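Chains A and B are the protein sequences, given in the same order. Residue 243 in UniProt numbering sits at position 243 of the first sequence; the count goes up by one each step and never skips. Residue 72 in UniProt numbering sits at position 72 of the second sequence; the count goes up by one each step and never skips.
Among the hints, a few may not be true.
For identical chains, the list gives no copy identity; a pair is met inside one copy or between any two copies.
[Stated by the list, open to error] 30 Å max Cα-Cα, derived DSSO-like pairs, lysine-lysine:
hint: 1; residue 1: K22; residue 2: K140
hint: 2; residue 1: K226; residue 2: K22
hint: 3; residue 1: K22; residue 2: K235
hint: 4; residue 1: K226; residue 2: K24
hint: 5; residue 1: K235; residue 2: K166
hint: 6; residue 1: K164; residue 2: K235
Honestly, the hints are just simulated from the structure, not real lab data. Values in this document were obtained by computation on a predicted structure and should not be read as measured data.
There are 2 protein chains.
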Amino acid sequence: MSEIVTAGILVIGDEILSGRTKDKNIGFIAEYLTNIGIDLKEVRVVSDDEPDIIAALDALRHRYTYVFTTGGIGPTHDDITADSVAKAFGVGIDHHPEVVARFRERWSEQDLNEARLRMARIPDGAELIQSATILAPGFKIGNVIVMAGVPSIMQAMMDIVAPKLKSGVRMLSDTVRANAREGDIGSPLRAIAAAHPDTIIGSYPFMDEEQKPNTNLVVRSRDPEKLAAAMAAVKDMLAGLNITR
Amino acid sequence: MSEIVTAGILVIGDEILSGRTKDKNIGFIAEYLTNIGIDLKEVRVVSDDEPDIIAALDALRHRYTYVFTTGGIGPTHDDITADSVAKAFGVGIDHHPEVVARFRERWSEQDLNEARLRMARIPDGAELIQSATILAPGFKIGNVIVMAGVPSIMQAMMDIVAPKLKSGVRMLSDTVRANAREGDIGSPLRAIAAAHPDTIIGSYPFMDEEQKPNTNLVVRSRDPEKLAAAMAAVKDMLAGLNITR
Chain A
1 MSEIVTAGIL
11 VIGDEILSGR
21 TKDKNIGFIA
31 EYLTNIGIDL
41 KEVRVVSDDE
51 PDIIAALDAL
61 RHRYTYVFTT
71 GGIGPTHDDI
81 TADSVAKAFG
91 VGIDHHPEVV
101 ARFRERWSEQ
111 DLNEARLRMA
121 RIPDGAELIQ
131 SATILAPGFK
141 IGNVIVMAGV
151 PSIMQAMMDI
161 VAPKLKSGVR
171 MLSDTVRANA
181 REGDIGSPLR
191 AIAAAHPDTI
201 IGSYPFMDEE
211 QKPNTNLVVR
221 SRDPEKLAAA
231 MAAVKDMLAG
241 LNITR
Chain B
1 MSEIVTAGIL
11 VIGDEILSGR
21 TKDKNIGFIA
31 EYLTNIGIDL
41 KEVRVVSDDE
51 PDIIAALDAL
61 RHRYTYVFTT
71 GGIGPTHDDI
81 TADSVAKAFG
91 VGIDHHPEVV
101 ARFRERWSEQ
111 DLNEARLRMA
121 RIPDGAELIQ
131 SATILAPGFK
141 IGNVIVMAGV
151 PSIMQAMMDI
161 VAPKLKSGVR
171 MLSDTVRANA
181 REGDIGSPLR
191 AIAAAHPDTI
201 IGSYPFMDEE
211 QKPNTNLVVR
221 SRDPEKLAAA
231 MAAVKDMLAG
241 LNITR
């Protein structure tokens, strides 16, 4: 249980890079992973281009415990994620009999055309991520979890796959509102961060309800005692501030 | 004017990877770049970690015409973007006299502490990105544009830096609503995409106002005639569809 479990996200899609579609998956997966004790370390967004997908996938899958991909598993010509993943792993890809059987239950012979059958193409050896409400399945191969780009479907897939993942010691987090501007607390905060090496202290400015610059201070640690000690030091520092805002 | 100008985005910040903050900058910059004729090719998100920042920056800046970074230029210990950029370029970094002079106009001697002075640290040779309303400046060094993480400030910085960038032939785009499910048009759409190689055809499913699965088809090209020809083929295909939804 003391292992640190890490992850990368690979978002695949021209529509994100053109700005036509605003990604909502990164934030969702990031929060989800934090809650189940997996450290998200890196995100990449690439276009619907096979060499780019393979290069990013290889970089991430060799570096992190898990890689989550979103997008590119639909029925059209620009959906090339499954083929790219198969190439990255050096395995074959074919229509998965179980998926084809489910498609035949759902669609008539006429509707189950070549395009829809593409959604049944799964790399050899992959494990399906599916449910009664998910039409085109995702899959897990090695440490790579391949999911849909449509947020509601991706979220359903996360719920299916999450219980199968190993998770590490959860990163704990505590937040205090400084009622001070970042610039007024930067120097003492740096000293506290240096004195509490097993914690991560973040400083996030925001405009408060009085339209004054304010700051949230977030202390994170896997060790509850170290977190509490660092947070106590932060609160002592804030209590001793002599500033006017 | 026939040059293709490309870009990468590097988002820097633990708070994005933990899911605490939901990024709004990628979508904004993506759309902005499309509108000024710059092709966004890749996005990366990394933590507040100097080796990770430098590695991602080096990968992106050698590959694309421009790199836009967001985050990590505030006054606290976790703001390490400027120092990381200086190291990546192998140049020194020091308090920029022009920025310090502006800070002295704004803050009293007591308020202009070490933390705030950190925001005046600019890599040698960088050009400032600033205005009367921007407190801590961004900067441009080589092909790297360093901006704030707070969306409103980042957006102001984009407006300042954009006129100085070279832009290529703008990618044109046209969209048609298919009134069909993706799976019903995947095969003919693939044939059209193959027959129109200087265009990019994207297929984006959505639930329409009648809660039926529907699809937007987007044709993109730098050549208006080729775009029009491909879009005409798409519309002919849609008009000839014999499907019930």
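Q: Hints the structure violates: just list their numbers, smallest first.
A: 4, 5 and 6
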